[in-house]
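Mind docking these for me? Both chains are given alone in their own frames, and the hints should help you get the complex.
Going down the list, the sequences are from chains F and G. The C-terminal residue of the first sequence carries number 314 in the working numbering, and the numbering is unbroken. The C-terminal residue of the second sequence carries number 1284 in the working numbering, and the numbering is unbroken.
If you're looking for bench data, these hints aren't it; they were derived computationally from the structure. All values derive from a computational prediction rather than experimental measurement. Heads up, a few of these hints could be off.
Said to hold, decoys possible - SDA-like, lysine to any residue: derived pairs with alpha carbons at most 25 Å apart:
id, chain 1, residue 1, chain 2, residue 2
1, G, Lys1021, F, Phe31
2, F, Lys115, G, Ala1012
3, G, Lys1021, F, Leu202
4, G, Lys1021, F, Lys17
5, G, Lys1200, F, Lys17
6, G, Lys1021, F, Lys242
7, G, Lys1081, G, Asp1065
8, F, Lys242, G, Met1118
9, F, Lys17, G, Ala1012
10, G, Lys1200, G, Glu1178
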Amino acid sequence: MTASHAESRRKMSALEKRNTLIAYSFLAPNFIGFVVFTLIPVIFSFALAFMDWGGGSNITFVGLDNFRYIFKDFSFTKSNLGIALKNTVFYTLMTVPLTLLCSLGFAMILNKAVKGANFFRAVLFFPYVASLVAICVCWNFLLMKNGPVNQMLNAIGFHMTKSWTSSRDLAIWAIIIVSVWRNAGYYMVMYLAGLQGVPGELYEAATIDGANAWQRFANVTLPMLTPTTFFNSIMMVISCFKIYDVVAIMTQGGPGRATKMLVTYIFELSFGGENIATSAQYGVASAVSMVLLAIVLLVTFVQFRGEKKWVNYM
Amino acid sequence: MTAKKSFSTMSAGQIALSILKYGFLLGLTVVALVPFVWMISSSLKTSIDVFSVPMKWIPTEFHWDNYLKIWERVPLLVYFKNTAVVAIIVTFMQILTSSFAAYAFAKMQFRGRDLLFMCYIGTIAVPWQVYMVPQFIMMRSIGLYDTIWALVVLQSFTAFGVFLMRQFYLGIPNDLSEAARIDGLSEYGIWARIILPLAKPAIATLCIFTFVNTWNDYMGPMIYLTTDLNKTIQVGLRRFIQAYSADYNLIMAASLCSLIPVAVVFLFLQRYFIEGIATTGMKG
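Extracted from the complex, chain G is given alone in its bound form (with noise of 0.2 Å):
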């Protein structure tokens, strides 16, 4: 409505409404965005120069060499390529695992499917702090502790994408899959060629949750990887944060190296994602 007002048609008191909404968001994305712009500019001035008073935004001087120091301190490239197998992996087996069985939740008749759909739902609203301690001394009795496969298999299977799918799925109308079943498609069928291709948008909303969940993990790792070559770049960040303190300008680099592969996702898929999440409601 008001979008196709034309400027000269707007009084004044529009305009002067307008301007102050879009300084109002100005400011507002300049809060959002300060911290990074910052990590930016630290990045490249020398570690005295971080903290000058009264502070600079643009250096004096660029120092594009701390991008290449902070690789040779510690095996940040190491860390990427454990977060990145980790993250990947996990990703793809919660999108196979879990449409597989939102699949039945969702599109089968079959005994106790309202209460196993409450176990799952069950198990969400119990914080995973609560149960950490049981699953560490499970990993470490299976072998798998300090390996980044104990990582992968705590995060493939987790009830939160069955239900995000499951939620989807609801939306997708019976009478597709019937139509298909009289057809004489068996139910794999329907799940390959029907469902699977119709919930592109639960899927890359489920890939980005949790490619992103992934790759941030903090706790996860922590509790598991303690060899130094084993860790994923979030608790190799921390390392290098506590060996290296005071060289601010050191750290904000690497910071900013472990930022680039969420946000290259995040730029090619958020359109889904937001209004993915704003679909579903969840959070992981």
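Chain F with its partners taken away, still in its complex shape (with noise of 0.2 Å):
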């Protein structure tokens, strides 16, 4: 009895062994490239923020060096990175709200019985997966002083005498406009997907209660949304948070410094900027990104501390 129990128990964990090499051989393939290629840099990048190196032959350890260097005479309109840091925490305030509102909007029009609704869905998506150069440059000739937004916009009574890009009040306007415009879509459909979780059962019983379409939006679907709004604000924070590609394409940056973010500063502190040719910092743009990562890490931890407050799971 103990003999044979002790006989099985050797061929589980034989069989379990064999098992866990099935299952890395699984893994191997995804695995070996994903260590090589993301897991070593993620590591070394974080060494790399405490050292000094232009990409030569010298690497040397320099302690906190490079955070001194980056918060020295720290202020929000002098020093690189407070400007960095100013225009991208406004850039994210400005976006999240707006895209959440507008996706939210789409959704509940498109999820009411509408004919047509998956045209009108794949229409409003569409801008999300549209090549981004083609519709930044299309953009920026939109936003242009002669620019057909500015004839609508001075017929109307304004006096727009600029292009939105070479302003600078409303370079980081016209950033907004087209990340707005570009991720719209993408967050109405999981909206879209949020409201189909909503029972129909909820909105008979508010209407027994003689609740109407306001109340019923107020007190049933908002509330009923939630987690998707918080899955929804999550992913974006983070998102607005590497605000790049956009930039470089639309401003560089500019004018002055009045467009740059987070991210267009690592970009120039390691590669020169597009139009600048420096010796690269990689030091220093590791530090600045530690200070990234750790806004990324800090701004989501609150957003999850805050999640039972706000957010109802049924």
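In structure tokens, the structure reads:
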């Protein structure tokens, strides 16, 4: 009895071993690539933040010098890091609510039985997949001095005398507009999926209780959608902090430093700006990316902490 | 409910409401599409007419030859070819390695599974920009700098693909794989004959996601590619724009051409794509 028990146990562990090996064989093709090209660079980037390195053979440990360098004379109007931070935060604070509002609005309309809902859904989603450079340059033209947008604004009484992307005040709004326009369709799809999950009985019950359309929206739809809103806002905040490509194509961080973002700054430090040739400061760049990482983690953490207060799970 | 109501039974208020609804939808459609329409219209004008005041939506003269000129100015065709090579190989590799690895995560028991998976998820949360510099240094030291192969290896093994496939596999009942196991099918057999055929929607989603993201990737090619003939379409287009910044019409024609492949893929597969995003809730 005990002997056979032990044997079956040994068999089990042999089987387990075999199973583990098979499992690893499934993982191997992806895992090897993942470790070499993602995990190791991630770990290395932590180390690099404490090194001084211009890309040559000299690499020295400098402790916190890189951080001291980027935080030196920190101010939101003068230092590079301060300006990049201020711009990125402003961009995020404007883009996230605007995109949430638009995407929720689109989803609410499309969720009602509309003829051709699939067509409208596809159309509103298309900007999200459209070639980035193509749409950015197109918007650049649309927002030019004599472009269609300014012509329209002038027609209704504004006095637009500048291209948006070369105006200190409007350049960041050009980036925000393009971002909202491009991403609203994507988050709309998320909201549509969320709306599918709201039980119809809730609306019926609310109607019986005498709730009007607005009350049903405010007291049934919105609370039921909070998990989607939570998810969407987390994804959006993270992606807003990583903003780079739209800026690089439309304004290159300019005019001046008006649209310089955190990643734009990292990029300049490591590869020189698009038109500026400076020597690489990989260590400093890594230090800035640690700041970026810390912010992203912090914001996500705060959002998760707040989750219980306003998100309803069924 | 409302859809089944015939027009005659609707009250005046309902009719007004639905007119308002469609009017609004139409307005949104216009906002979503106007840049593309403007792109088409400008691509057929002379460059002087692009910013004429007042603007014309329909060109007075159609300059179809703009679409011929762009191919002579820059090696646009080479850019297209490079991008297609990268996008197709990356998409293929992603589907293969991700669907394979996800099987172990979703359908097998082994030691260290959850820890490994946490590692994967953890790196999804780390912005690429944080580790792009070490990655760049590494690629340069193995001699892949300035080749499209740098982009291929970087994008072929993402944690995102594994995550997406795993989420979908979890929805496939375990009874199916258990039954096959009892019938003597090996794990590889179960993956190939049972799980993979059932995972078609997830594969389609990952396929379009990867293709579109690779096609539209700007930052990667910008860092890695310097030689003109190695460039992909996004950075190539950017070069075109910088070199011929006053030829608005040609820029728009070239931009429009760069849109066509993703537009075609999107049109054919958008159903899967949109549903896939909604069910997996993830972004590339």
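Okay, the hints, checked on the actual structure:
no.: 1; hint: G:Lys1021 / F:Phe31; result: violated (50 Å)
no.: 2; hint: F:Lys115 / G:Ala1012; result: holds (19 Å)
no.: 3; hint: G:Lys1021 / F:Leu202; result: holds (23 Å)
no.: 4; hint: G:Lys1021 / F:Lys17; result: violated (62 Å)
no.: 5; hint: G:Lys1200 / F:Lys17; result: violated (31 Å)
no.: 6; hint: G:Lys1021 / F:Lys242; result: violated (36 Å)
no.: 7; hint: G:Lys1081 / G:Asp1065; result: holds (22 Å)
no.: 8; hint: F:Lys242 / G:Met1118; result: holds (22 Å)
no.: 9; hint: F:Lys17 / G:Ala1012; result: violated (72 Å)
no.: 10; hint: G:Lys1200 / G:Glu1178; result: holds (20 Å)
Violated hints for the displayed structure, listed by number in ascending order: 1, 4, 5, 6 and 9.
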